[in-house]
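Engineer: Those sequence lines, one after another, are chains A and B. Residue 616, in the numbering used here, is where the first sequence stops; the numbers in between run on with no holes. Residue 354, in the numbering used here, is where the second sequence stops; the numbers in between run on with no holes.
What the hints contain is simulated information worked out from the structure, not anything from laboratory work. Every value quoted in this text rests on a predicted model; they were computed, and no experiment measured them. Treat the hints with caution; some may be incorrect.
Distance condition first, Cα-Cα at most 27 angstroms in a straight line; then the derived DSSO-like pairs of lysine-lysine [as the list claims (entries may be wrong)]: (1) 425(A) - 438(A); (2) 271(A) - 62(B); (3) 263(A) - 325(B); (4) 62(B) - 425(A).
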Amino acid sequence: MTPSTAVGAAAKGAPAGVVVNDFAINVATVNGTGSQTANSTLISAIMRMGVPVSGKNIFPSNIQGLPTWYVIRVCEEGWIAPRPQSEVVICMNRETARDDVMKCAPGGWIIYDEPFQLSTLRDDLHYFPVPFSTIVKDVAPPKLWKLVTNMLYVGVAGHLLGLEIEASDAALAKAVGNKPKALQVNQEAARAGLAYAQANFTIPEGGFRVERRDLTAGKILIDGNAATALGMLMAGVTVVTWYPITPSSSVAESLEGYLQKYRVGKDGKKTFAILQAEDELAAVGMAIGAGWAGARSTTATSGPGISLMSEFIGLSYYAEVPTVIVNVQRTGPSTGLPTRTMQGDVLFCAYNSHGDTKHPLLLPASPQECYEMAQDAFDLAERFQTTVFVITDLDLGMNNWMCDPFPYPAKDHDRGKVADEAKLREIGVKEWGRYKDLDGDGIPWRTLPGTEMDGAAYFTRGSGHNEYARYTESSEAYTANVDRLLRKFETLRGHVPAPLRDDCEGGSAVGVIAYGTTHWSLLEARAKLQREKGITFDYLRLLAFPFTDDVERFVEEHDRVYVIEQNRDGQMLAMLRHELPRVAAKLRSIRHYDGMPVPARFIINQVVEQEASA
Amino acid sequence: MPTPPTLPKMPAVPGGQPKGPALNHRELPMTDYGGGNSTLCAGCGHDAITAALTRALWENAENPYKVAKMSGIGCSSKTTAYFLSRSWGFNSVHGRMPSVTTGAVLANRGLKAIGISGDGDSASIGIGQLVHVIRRNLPLCYVVENNGVYGLTKGQFSATADRGSRSKWGDSNQFEPIDLCGLAVELGCTFVARSYSGDRKQLIPILRAAMRHRGTALVDVLSPCVTFNNHAGSTKSYDWAKEREDPIHEVGYVNPWELEEVEYEAGSGVEVTLPDGGLLHLKKLERDYDPRDIKAAKALLARGRESHEFLTGVIYIDEDRPSLLDELKLVDAPLATLPQSVTRPGPEVLDEVMESFR
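Okay, chain B solo, but in the shape it has when bound:
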């Protein structure tokens, strides 16, 4: 068994220290955002993502009752049971998380949808639904826990495994990988980010911003499978990721209520105000990169693919495009609980319709 890596020490909360001893803006401790015990393998990248999600939800002070934790089938999809047990989870059908989530959000627009999927769930059986949810720009934080391998069925390659990557048994993957970030950018996805389960410092603020994004935010997170894909020759292992990770910027997110009190270096990168008034700031590292520039995003992704670089950060963001809810012009109240007095037209309507058939 490979040794699971030591996770980096908890970074300082980007929004400054929480008020009091670990209570968030809602006066809740982080334990209130916790869930059931994980049944995944010790050291699984997915558990680190679950921890990051828990932290991100807490830091964002999301209403713990108003989150819908949506997933398909697979190791990754199980993790919706491991955080935020005050909220509802739906472990649905393989590859169909996007459609179930679409229905749930249409029924109750007050729900904040967090979709958890994997590379099998999203890049193979569910790629059609991934494509179409992006096309509609449903408000959804869509996290792909990407390990290049099918875990629950014992180690088959998935569609994101790199060509030439070795399986646990030594055979080489013969097909080109599907790059979910590249696909998402091509489709006009309005928030595309890549990260690594071992990089909490980056992953947490990315998840926080993704939750506050207007439309669909695809967060593709390399999340090593300790049991089936963490050996030498794998391009989704902890060693590979640690060695190759090349952040394109330093990511931070500031809650709207913290804007006054937080100091950040203005002009040192790119700042994007999200619809909730919060601020995504992307501090410049070695290169100038503006994730609002689609051409730059495409060029970056192409370069990453050609040179097998592991470029992480917010690759593309567009906060101007309306979401599906904007387009549908729904009433403010959840459709689910509209009373009969609103949803059943009166007798005069039926009379009018009947007259039209005479």
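The shape of chain A in the complex, shown without the other chains:
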């Protein structure tokens, strides 16, 4: 079965055999040739025709010269997970062109740069050779050839796929921004591509077509990192310290853009500080120093950064200093595949740093959850006086996702237990201790440096301390303190977002647990497993660690539960087994770890295979 017929196109008005609104376009280019404007135009034009889309950028760890792909999935049903094959392949990179053709779905279309001479590679494909370098000469002056060549394929694809000119024009205007000259030359290039295709290509029978629908009204197309940054803006972040690392840099860069635009007074003074640190050690050290002094502080990084930050994360846990760390995961270990995705750091973050530690993790699956959890993270960090991780991945962080616009926050900021002078008097200065559990929830009251009151000051240290923050090596004081930290973590369990449970009709003896971006592939796999194989299961999506009681209940209520994740060692499986020993034997594992987002088909095959021997 070819992917293009997997769903079955509901062609309205299109000739029989035409696949409408259910295919993928793979644009293969060379890194650094400015294909982003062209690809943004293409995806946005389809979305403007009311058809759901998703875009995945598969790029090298390189500035210029290595191959890069942009895969646009067009899917009326709204599935957005990547698939192993695309139906329409646009070959702009000589180096990968033959390979790209060989990977094309049977019956697919190849739009390619004519000199590549690809038309004899396979006889089950349709070929559309375009003399890009000749056409571009009539469109733009030589210095712009390289940049506008890519716009030509937008026109060619537009003709072949039936894109509406108005939608393409609007998409291009958006992609180019407020630059009339650039808009004009790009528009001419797209028109030239269109004209060439109209004059030279007849659209084959069958094939692929975009048809107008009304499924994207009001939607936005946004990357997860920008969404995280927006959440931080709404959370009222005040100190941002970071060190560049793929794929997290655009969290801080987007945030800086928003802060500079929306958080500078008329007098030019800023209600935030953003600083690029010398390394991740300093980035998190600054964030922790700022959190200690009462700011809403954050840093964004990826796995290698977390490795460097580990000592400080232990300090934050033990000295109880709030901060928020965003980890946009990439493929590890070590430098790994810096531009590929993975859910490879969940275990490392949950128990990060030496000694006994546990940290809250928030696990968004969509840009909207990035936006909301970035806000939750600051409330939790300040309430629980500890590091809170927001864990996303490269797929979510750097790719474009179509979603509903974000709601304005409904909750006020929770600044946690900060004792000002009045509160300290209420407690009684003598009664108060920085690490004293006065409320029975394991959460002590803290004071902020600079509070002008005798008895308010305390000494912060990562070494042994008693409940009055005094240095001690006493076994009793040590144990009492780390046990309180555990009680605090228990309180936290009731404050993190609960998992989302979705039982199938009539319920099932089989359960599935997933988290983060795996969700999207799982949804598609679930629908197709039911449709194709009659296999149904109940589904629980984790939103956070620590696990709430619902997680144990879910496992308990099923005969077997598959934990599906994107890493080699089953990290969430290990955490679930460790945290829920009573039900550990029921847990099974499906793992995908090649650096690419897990395809739905992979999950389908795994479930079918494992269920056969269940």
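Got chain A; can you put chain B on it based on the hints?
Structural biologist: Then chain B, alone, in the frame of chain A:
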């Protein structure tokens, strides 16, 4: 055990006698600037520095609630618990005092940051953070209590130990030392001073000026370790320091509110007005030396290194370069306590951003 040296008698307060019986400009006695009892070895140079800091804070009449006492890990870093217990201290991570302090000061610019570090903390594990805090010119009085040795781990050489200096067990240090003042001057540090824990007369005014400096003030203080590095053959011992100390000028600092009442010999050296309006005066001794001249500073440091002289005083000062806070253009109020009404933009902002993604 070597005998700890007798500390020199308390000098007259450079700003004249305090008003009344030992109350400062804030009407506070010096005991209000005190801290917990030291757990360091009797005679440790660090305790003398703590005493000098306490005195300097008091003489400057700093607001005792608005000081952030920041440190890393090591003997020196412990000392933040031994002064000013009305204020907050943060004994953080080895070598990372500068980053934690940067965050704290960004969060609350109203805090006066005093960073206490050692030669292990600053010249080895934390040299990267030392370099970068200097580069950013964070308002920070950065004191290195330099004894050339790791105390808490029992006497290993540190990166500031001189080549050929002998350990307690007789072995000779085989590597060249890192000269923190030389490094700081090269990096463009805007206040670089060297002093000696046994020279309170000089150390107190240097610390006072360093606290009032606009940006990062690095104060490298030779602070002998009585237990592991105070023997013959050590170049960081009390005997060595006493014998070799060669002040380049006599240092004094006058609070802005005392300028009228204090007499000092004008024209007898260099005077630098600090951002608070106070006056750093550097009285000429044997040589003409202007610490505002970077070339002179580099030449002085080079000579000191070549001839193993122990030259102390304010080596370099630049009050014109903006601090990190100036560069970041922060609001006057502490970022930490800005209300939600200021830090969360309105719905119209979210609408505008959402529109940009359509």
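Engineer: Take the hints in turn and mark each one as holding or not.
Structural biologist: How the hints compare with the structure:
| no. | hint | result |
| --- | --- | --- |
| 1 | 425(A) - 438(A) | holds (15 angstroms) |
| 2 | 271(A) - 62(B) | holds (23 angstroms) |
| 3 | 263(A) - 325(B) | holds (14 angstroms) |
| 4 | 62(B) - 425(A) | holds (19 angstroms) |
Violated hints: none; the structure is consistent with every hint.
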